[in-house]
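What follows is the residue order along each chain.
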Amino acid sequence: MGFAFTLFNSWQAETVKGDIPMTKQKVLLVGHGMVGQRFLEALADRGGLDHYDVTILCAESRPAYDRVGLTRYFTERDADALSLVPEGFMAQPGLTLKLSTRVREIDRDARVVITEAGERLDYDKLVLATGSYPFVPPIDGNDRPNCFVYRTLDDLDEIIAAADQARIGTVVGGGLLGLEAAKALHDLGLETHVVEFAPRLMAVQVDDLGGGLLKDKIEALGVTVHTNTGTRAIVDGEQHRHRMDFGEDRHLETDIIVFSAGIRPEDSLARACGLEVGERGGVVIDDYCVTSDPDIFAIGEVALWQGRIFGLVAPGYQMAETAAARLCADSEPSFQGADMSTKLKLMGVDVASVGDAHGQTPGARSAVFFDQSTGVYKKVVVSECGKKLLGAVLVGDANDYGNLLQLCLNRIDLPGEAAALIAPAAGDAPMLGADALPDSAQICSCNNVSKGALCAAIDDGATTVGDLKACTKASATCGGCAALVKQVLDSELAKRGVEVNNHVCEHFPYSRQEIYHLVRVGEIKTFDELLEKHGSGDGCDICKPLAASVLASCWNDYVLSKPHAGLQDTNDYFLGNMQRDGTYSIVPRVPGGEITPDKLIVLGEVAKKYDLYTKITGGQRVDLFGARVDQLPEIWKILVDAGFETGHAYGKSLRTVKSCVGSTWCRYGVKDSVGTAIQVEERYKGLRSPHKIKMAVSGCTRECAEAQSKDVGVIATDKGWNLYVCGNGGMRPRHADLLASDLSDEQLIRTIDRFLMFYIRTADRLQRTSVWLENLEGGLDYLKQVVLEDSLGIGEELEAQMQQVIDTYQCEWKTTVEDPQAVKRFKHFVNDDVADDNLHYVRERGQRRPAYEHERIELVQQEG
Amino acid sequence: MNSSVTLEWKAVCKVDEILPGTGVGVRLPEGQAALFRTRDGQLHALDNMDPFSRANVISRGLLGSLGGTRVVASPLYKQHFCLETGKCLEDETVSLTVYPVRLRGELVEVAVG
Ligand code: SRM
Ligand SMILES: Cc1cc2nc3c(=O)[nH]c(=O)nc-3n(C[C@H](O)[C@H](O)[C@H](O)COP(=O)(O)OP(=O)(O)OC[C@H]3O[C@@H](n4cnc5c(N)ncnc54)[C@H](O)[C@@H]3O)c2cc1C
Ligand code: SF4
Ligand code: FES
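Protein sequences appear in the order of chains A and B.
With our numbering applied, the first sequence has no gaps in its numbers, which climb one by one up to 864 at the end.
With our numbering applied, the second sequence has no gaps in its numbers, which climb one by one up to 113 at the end.
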């Protein structure tokens, strides 16, 4: 008593607030879910625990956990990881948590609640945070065994246990939660169906077109979607436990059913004690979360504000803050409704809805972008005047979410035509940079973090998204705002003059060029040496392959020798490109695209023996796909014995030198393009570089080898060779530039030597010659000076370095198959000679290919 | 790790069968694991299946560290997994099971069950 009194005195001395009780009062919190916990934290933050003793009555056996992240439990199986209660939190004086304690009754006259075990607890203030319960449609048989709901960790435990014995799982309800449940069943390896009564999925968030697209996408992942389908009854199945009867002879057999047909406010306690509730449920509250009884608050999903229930966590958190403030006699904040915009990744498909997605505002107009081939649907809803964004729906590509949400929430005037907001060329869309946002703009809606709050945290020293997450909670819940948080961070850091550097990664404060020089000048021969002298930490998947490439460009050691082996990306380590199922491809070198019938037969025989998918590549050679890691050495042994060499299809190195048939046969050919292509390919094969290098030689200006789209392109004229450089196909095609004309054979080679070595010395990581030239100060003219006029006086040095690489060439596959130690590494298991047993194939057009996910489930079932 | 659960240790290979800074695949009574030996000799074992591609390839990922966290990068789509906890750094809803590992003399043992 004396204690409370002193506390109160000292507190009153500094602030003058409303009527806070002098002695400690009793608060009962019914329900310890997400919102209940947030309420406790808010109360503690405001010093409320000095004035209230809070007893928490929690029906579940675990304290509050992250229900939003519930589905993670399927993969992690770690309930503790989901806990929302910070360590030591419940040990604070003033808090008593009673787990597995369900309230049965509230006696408002006596101000007492009675638990199911019969315990009576009195209260001064009561806070209802009982959330909601899953609605199970009244279908005959809905209470059969193996029928579940999806709300609590206990529900998930039951589903996991049942899935062991099951093959087919069906979710009733194609809303947001239903799709999440479907993903979980799918991940448990079940053939999964979604049964939705409405004509589309996610009826609340998206419209018909978007829903249709979502359905296509989800079906492509192997989940069968039945829309417009109502279940009449659930009865015994013939092959499976249940048969769901849809009427008109339609039915579906399944082993497990999960109902996810909506939620209803858990308001039974409130109803029974006569609190005012809504027509369709929910405990009526005012702007301060007070119910019709001034001593009882309701917050979270159980509460009904202005006729609305909020089935998301962010509004619940705002209510928690409001109720806590109210108990501490603060009138701020009050609850003013909340935005129901959402962004989700459902089964890998981006879906988002913002504001008035269905265009229900009078006069609203909408613009739609729909591309069925890429599976992207976007719609924006704008006000009658065309100036304000009211809402949006995004399916398949939700990158614009942050931008659109900000425009909508902050009622910013649209920067241009509404349609341009969703036009496919994102680069041209009027983007609303993080800079344009006012400080009041809400960036993270789950945790109500404004741009101003982020800026303050950055002022206090936050420099990474992780820092911001830790100190403001931004992006800590659904993660939907992460991209925007990063944008704000980057733009604010830039404003504060924090340099944006070109360091390769956190382990080396240098660019690739600088590392190249450090290696060359310091004669560094291993990664460990480089790290010790110039870096820190352990390295990573960026700097290790980079170092391996630079070391190879400089010294050209066998890439799998001990010090280099651990640096190689898997493609370089196993000397093949990894395919989507974890097997590898085999691409022998076919210089200039010229191949003898005998060699073709060997390729055919090998492909046949190992059942490899065989394809002619775009680079004039043959790719054999689907070799298991343990098969690679024996296959390559056969190929090496037949005179093949590695084609370096896996390396950042010379790929192919494409050729046209040229004067060998062609009536227009003015020079031997095949011969020159072979000579060039033999010369530069195995050369490690910042990115891959492609070349071509055409025998006349008709240019059948497409040399002007290559890094190095050679075209014959009657006066000699024209040399083109820095062309590119691929993602951003670039036409090559003419570097020199009418070169002799010898001049041609010397010029290419210098050009390539200069590129290797000065380019950035993964920079093709095209991008390198565009970034080279002085551009093509400068390049001509260096390479043709030797303005830097390094011409001979470049040639000598190239000669060293050429002299030390070895076919990595030949070296590997001849080295028993190296061959040993090509085992799937270190402790067993068997192969990976998780490879599943189907045959298509007479050849083998890896099964897609949905086919795989069927195959595993047939096999098992 | 819950100490009341009795772990069954299974010898899988000699330590020098794993080059420092690389990993190997390990066959377990049920399923498979990826076993890594870091440059400074620490041993870690995780699921071998990459949850993003469902291919058994984690053992072929590159080792490294990111902000002090020891990680392996999946060779297919390059997500990073913490060697200690199995958590995916890019997607917190995903993580790999971690198996206890120990060295007994020359032999590396992985705990199963
Ligand atoms: C097999 C092949 C497609 C085919 O079936 O024909 C192919 C297949 C791959 N290409 Fe390609 N590209 C193939 C010709 C091309 C061509 C056409 C050409 O070379 O004439 C191009 C455009 C030309 C160009 O590069 O400028 C091409 C542009 C790309 C790009 C984009 C490069 C760019 O600068 O934008 C990538 C991605 C990259 O390298 O980062 C890529 C990457 C890939 C990878 C390595 C993707 C990967 O990491 O798994 C593919 C795996 C090959 C494998 O497993 O063996 N591939 N790729 C062709 C192999 C040619 C060869 O014999 O080596
Ligand atoms: C799988 C899933 C995914 C979700 N994803 C998202 C999302 O991405 N974004 C989003 O914003 N929201 C999402 N939600 C919704 C979000 O979880 C809820 O909005 C939030 O949990 C509501 O919090 P609450 O505290 O009001 O209710 P709850 O978290 O449900 O907590 C209520 C608690 O009260 C207990 N209780 C009920 N009656 C009694 C009683 N008589 N006595 C004692 N205790 C009682 C209940 O057992 C429960 O523990 C998701 C929900 C689920 C199930
Ligand atoms: S175009 Fe794309 S899919 Fe086709 S081979 Fe090249 S990288 Fe693979
Ligand atoms: S919006 Fe959900 S975490 Fe920020």
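Hints in this document: simulated from the structure, not taken from any laboratory.
Errors might be hidden in some of the hints.
[What the hints assert, rightly or not] Far from chain A, some chain B residues (derived; all Cβ distances over 12 Å):
{"hint": "1", "residue": "T6"}
{"hint": "2", "residue": "E8"}
{"hint": "3", "residue": "L76"}
{"hint": "4", "residue": "R104"}
{"hint": "5", "residue": "A111"}
[What the hints assert, rightly or not] Quick list of simulated restraints, FRET-style, between CB atoms:
{"hint": "6", "chain 1": "B", "residue 1": "W9", "chain 2": "A", "residue 2": "D435", "range": "53 to 63 Å"}
{"hint": "7", "chain 1": "A", "residue 1": "L153", "chain 2": "B", "residue 2": "E30", "range": "41 to 51 Å"}
{"hint": "8", "chain 1": "B", "residue 1": "E106", "chain 2": "A", "residue 2": "G779", "range": "56 to 66 Å"}
{"hint": "9", "chain 1": "B", "residue 1": "F52", "chain 2": "A", "residue 2": "V85", "range": "45 to 55 Å"}
{"hint": "10", "chain 1": "A", "residue 1": "K637", "chain 2": "B", "residue 2": "K14", "range": "42 to 52 Å"}
{"hint": "11", "chain 1": "A", "residue 1": "A81", "chain 2": "B", "residue 2": "F52", "range": "34 to 44 Å"}
{"hint": "12", "chain 1": "B", "residue 1": "W9", "chain 2": "A", "residue 2": "D107", "range": "51 to 61 Å"}
{"hint": "13", "chain 1": "A", "residue 1": "L493", "chain 2": "B", "residue 2": "E106", "range": "48 to 58 Å"}
{"hint": "14", "chain 1": "B", "residue 1": "W9", "chain 2": "A", "residue 2": "R580", "range": "15 to 25 Å"}
{"hint": "15", "chain 1": "A", "residue 1": "G846", "chain 2": "B", "residue 2": "Q42", "range": "44 to 54 Å"}
{"hint": "16", "chain 1": "A", "residue 1": "G466", "chain 2": "B", "residue 2": "F52", "range": "48 to 58 Å"}
As the structure is a prediction and not an experimental result, all values here were calculated from the model.
For every residue, glycine included, the Cβ atom is placed at its ideal position computed from N, Cα and C.
For each hint, the structure was consulted:
no., hint, verdict
1, T6, "holds, 19 Å"
2, E8, "holds, 15 Å"
3, L76, "violated, 6 Å"
4, R104, "holds, 15 Å"
5, A111, "holds, 15 Å"
6, B:W9 <-> A:D435: 53 to 63 Å, "holds, 57 Å"
7, A:L153 <-> B:E30: 41 to 51 Å, "violated, 25 Å"
8, B:E106 <-> A:G779: 56 to 66 Å, "holds, 59 Å"
9, B:F52 <-> A:V85: 45 to 55 Å, "violated, 31 Å"
10, A:K637 <-> B:K14: 42 to 52 Å, "violated, 26 Å"
11, A:A81 <-> B:F52: 34 to 44 Å, "violated, 19 Å"
12, B:W9 <-> A:D107: 51 to 61 Å, "holds, 58 Å"
13, A:L493 <-> B:E106: 48 to 58 Å, "holds, 50 Å"
14, B:W9 <-> A:R580: 15 to 25 Å, "violated, 35 Å"
15, A:G846 <-> B:Q42: 44 to 54 Å, "holds, 49 Å"
16, A:G466 <-> B:F52: 48 to 58 Å, "violated, 22 Å"
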